[in-house]
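Chains as they are written, first to last, in numbering that gives the first Met the number 0: chain A, 0 to 151; chain B, 0 to 151; chain C, 0 to 453; chain D, 0 to 453.
These are computed hints drawn from the structure, not numbers from a lab.
Even glycine gets a Cβ: it sits at the ideal position worked out from N, Cα and C.
Just to be clear, a hint being listed does not mean it is correct.
Here are the in silico distance ranges between beta carbons for each label pair [said to hold, decoys possible]:
no. : chain 1 : residue 1 : chain 2 : residue 2 : range
1   : D       : Q330      : A       : Q121      : 55 to 61 Å
2   : B       : K117      : C       : K7        : 19 to 25 Å
3   : D       : P323      : C       : R332      : 21 to 27 Å
4   : A       : T99       : C       : A449      : 54 to 60 Å
5   : C       : E444      : D       : A258      : 56 to 62 Å
Just a few of them, taken from the derived set where beta-carbon distance is under 7 Å, the chain A residues facing chain D [unchecked claim]:
no. : residue
6   : V83
7   : G84
8   : T85
9   : A115
10  : M116
11  : P140
12  : E142
13  : F143
14  : A144
One-letter residues, chain by chain:
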Amino acid sequence: MGKLNIDTDYVAQLAELLQRTGLTEIEISEGDARVRVVKKPAPVYEAQVAARPAAAMPHSVEAEVATANAPDAAHPGTVSSPMVGTVYLYPEPGADPFVTPGQTVSEGQTLLIIEAMKVMNQIRAPRSGRISRIFVENATPVEFAEPLLVIE
Amino acid sequence: MGKLNIDTDYVAQLAELLQRTGLTEIEISEGDARVRVVKKPAPVYEAQVAARPAAAMPHSVEAEVATANAPDAAHPGTVSSPMVGTVYLYPEPGADPFVTPGQTVSEGQTLLIIEAMKVMNQIRAPRSGRISRIFVENATPVEFAEPLLVIE
Amino acid sequence: MPGILPIKKLLIANRGEIALRILRATKEMGIRSVAVHSTADGNAMHVRLADESVCIGPPSAAESYLNAAAILSAAEITGAEAIHPGYGFLAENADFAQMVIEHGFIFVGPTPEHIRMMGDKVTAKAAVAQAGIPTVPGSEGAITDDETAFATAERIGYPVLIKAAAGGGGRGMSVVHARSELAAALRSTRNEARAGFGDERVYLEKYLDHPRHIELQVMADRYGHVVHMGERDCSLQRRHQKIVEESPSPVITETERRAIGKTVVQALEKLGYLGAGTIEFLYQDGQFYFIEMNTRIQVEHPVTEMVTGIDLVREQISVAMGHPLSVTQDQIRIEGHAIECRINAEDPKTMIPQPGKIIAYHPPGGPGVRVDSAIYSGYTVPPYYDSLIAKLIVHDKDRDRCIARLERSLAEFVIDGIPSSIPLLRAILAEPDFRESRYDTGWLERFLAAPPGS
Amino acid sequence: MPGILPIKKLLIANRGEIALRILRATKEMGIRSVAVHSTADGNAMHVRLADESVCIGPPSAAESYLNAAAILSAAEITGAEAIHPGYGFLAENADFAQMVIEHGFIFVGPTPEHIRMMGDKVTAKAAVAQAGIPTVPGSEGAITDDETAFATAERIGYPVLIKAAAGGGGRGMSVVHARSELAAALRSTRNEARAGFGDERVYLEKYLDHPRHIELQVMADRYGHVVHMGERDCSLQRRHQKIVEESPSPVITETERRAIGKTVVQALEKLGYLGAGTIEFLYQDGQFYFIEMNTRIQVEHPVTEMVTGIDLVREQISVAMGHPLSVTQDQIRIEGHAIECRINAEDPKTMIPQPGKIIAYHPPGGPGVRVDSAIYSGYTVPPYYDSLIAKLIVHDKDRDRCIARLERSLAEFVIDGIPSSIPLLRAILAEPDFRESRYDTGWLERFLAAPPGS
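Construct all of the structure, not just a fragment, from the sequences and the given hints.
Laid out in structure tokens, this is it:
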């Protein structure tokens, strides 16, 4: 059985890295050698406090929006609102919508309009792709960073 | 089957490293050798609340007593004070103490006196054995449940 | 000042929020504090914040907070000069007060004689009646003939209550609304009493069918000065447990307040009372009827503190030291409105106590909000004692604003891990009867028996 | 009532404790609330408690809380009728107030004209001086000859300050204590100014070597009524940041209070001011010298609320709706004493902000204690904004008792996980200079530079 050598500098270096990066665990293996350092995350407690008052309090618009969109908001193709305002899906009343789910769009194409301070702001596609989902409805308010639609 | 060797220096070194780096776990394996040291994370929330206000506040008699005696209070042979009062180790000033460390006592033998409400209460040995430690000093106050001495 | 007995160290013979309340007063007065506690309360807030603490016994109150010998021993070994009993436990135990004094300590409260006098309902009623405080009118003794019954009923006014002398707990009583019903009711109650208790003697007493519970806060010093600090309306009760208290009472006029205040002050001057006290009345149709006197600080004292600006616990300790009252009657003003809500660790529906661990605690803040509580996040409410865990007291210019402030404060209040009475309190506050002050001592039980949604 | 513009929904254009303070007022007034917040503040207390909330931008204040377009859009999409700016951010931005009004919303604050007037030090000083408020006396313009310098110094009294017109930040200034030093000092300051700034023009101004910062709280309605609510003494400052504020000032007499109050009220009546405002003065040797006027609610407004019993934020919203003031000058009484301590998330020694996660939070309670704070256990103080995390305000009968109550409250206060200024506040409170009111605006910096233990 071979003697185990501790490279304290090595571990300390990893610890420092852990600290700096905010990671909770580092594991490095090379051949049959393996080093793993872990730093347990802080409790536990905050989650409960954070969750409970919100539940006990009146629902906010934001909380509802967040709940409804949270799963999709994480999608890498999500286009979020760059401003607070009212979203319009049609160039004018009675017209066809700018885009519909399933449609393919090219970069720079107008996706929808957000009216803020009486100004109509065209929101353009940041990349080409297929519209897989539209979260917002016509003539409804949107917040900053609220998911608008997904381009896949 | 090879004998398991514990390299205490090695483990101590890891423990020291753990302490110094603030890590909670270190695991090192090389070939079929593997060492893993863990230090449980600092207590969960309530313990912190419990600890901090006390630390920030003036020390209480109780806290000091608890700190001094806590490890021994858990000893199964500990005799605790059944009342609040003033403890006396001697039957009268100038006399020999009722008991001394190392002495063997028999069940029912007077160990010390606790004065409460001007009444002298003889505290008797609940079992026979050897006095291994006396925690209290003569003519000092004791609380309810405060460890007095240990009979082994 | 001559006759002053300075208190440098005070022992707090209580636990929970009132122990913390007394502790806060000692800190502000520069008095060192000694907390006593059972083994179940080693982590209690007042123990942590006290200058010294002494464990006095096991969890059982009988062996700890009611253990007079242990408490006196704790005072002796710590060198405290005075003992504050709080409320409950030994607060109205005349023997304890006597022992405290005999052992050379200052008892923060009235004399043992006054505690004893007021501790017995019969002697208390007789003493205050003689001192001029109105009591519930009734027959002098047992009524044996109809003539005396008619005359008595005429004198005290209908409706009257016929009570069997040997009865109790609601048995052997009947209410008579008019003269025409009296003779028959007397006969049947006597028969019932004879059959039920083997004793046919009955009494007559005025019957109050929609009384409010109104109590007057008083404070007296060693120099014969007595002041009152207005009333508290504590009509919202369940099984005689107060839930919501307010000051001033929404049904008392300034004239009534002055009149009953003057009566009470004069009576206590006659009796030579000392310290804090509360005279409890039933109030109906403009009349006050004495129930009992509490010879201690009350749970609901903060509402009086909020409307008068007077620190009652500080004043208690101050007069116990021999200082004269810090205020005269004409300096006491009732300003704005204050309401206290008692928050218990209990199921809000069944009101069954639910001790346990508090995972999250966040009290409300902002203007006009006071919280008296000894709990904190991570604290475990022990199962051995009272379920009161917090008092929320709110002050504002008038009753409507006070209720609005109370509602927003209750909505902010977070107590997690155990159920609390906060939902019940919010439900009560939402009731039109409460908002319009239409409630008597029976209202809450009726509300709980048949809530509007049922 | 004619001319009333009811507010049913109000947007709070701020964050932190003042957003929560405004929110509490709306709840108590029955007004629906809209919180706006950056992406960093999604978990903020005021966001959670608001009826509605709108995310208005990324963490950077410039793109969120200072983003007028986003805030107005948020008001539009939620249908709010009014915007309360709080303090800081857009509170004293006249253009923003103008935009709010032009978009048809009520701005809870004064007119844009008054904000603009008071936002410029020169026009502000001229305006208030003309309205009768005392300002720091000095030369009318640049001083070019010694004769004018002598005459001016004679008029305003020694010591005087020679200030280079182009100077600033403490450079290009010299203090002259006597006539004999003036000519030489003028020469050297001119030379310095010419060398340093290429401009040798200098001004003369009265030099205050131990001033206190005293400010008057005022409130005005649309009907020309103005009242003042006494003063706040905010002399404990570090780098012009107030740390401890109290009311009444321990150095102002009732006569002085009335006189300066009357002067200020008359001046604001002349100016036709509306809403809440604060006139800040330096005070030395019995004289007041105007510094500036803040046209908004102040951080330290609670001390005034505690001694007057007036809810200033409620009053602000009420007068913004067009209601007349709820009180007249003779109904306003200063009762007892109040002190506010600002608790910052910062290293108590270096005073460097230390944002981070709060592991445990337990505010003090009991009588006379108010906490205005938007933090809670588990909350993370974001690094983007002000480090103020809590205000502890204490009220009691007099200053000594108020300090004792403050000390016990600070000792009870638990904020764990990040450092706070609580230890610094406790150290200040322990200082004899503070206890005996011997401090001026330079005291705290001297104390911090050389604490007694050093």
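For each hint, the structure was consulted:
1. Q330(D) - Q121(A): 55 to 61 Å: holds (57 Å)
2. K117(B) - K7(C): 19 to 25 Å: holds (23 Å)
3. P323(D) - R332(C): 21 to 27 Å: Holds, at about 25 Å.
4. T99(A) - A449(C): 54 to 60 Å: holds (56 Å)
5. E444(C) - A258(D): 56 to 62 Å: holds (59 Å)
6. V83: This interface hint holds because 4 Å falls under the 7 Å limit.
7. G84: OK, holds: G84(A) within 7 Å of chain D, min 5 Å.
8. T85: With a closest approach of 6 Å, the T85(A) hint holds.
9. A115: Hint holds; A115(A) Cβ to chain D Cβ min 4 Å, cut 7 Å.
10. M116: Since the shortest Cβ distance to chain D is 5 Å, the answer is holds.
11. P140: holds (3 Å)
12. E142: holds (4 Å)
13. F143: holds (5 Å)
14. A144: Holds - the Cβ of A144(A) comes within 7 Å of chain D, reaching about 6 Å at its closest.
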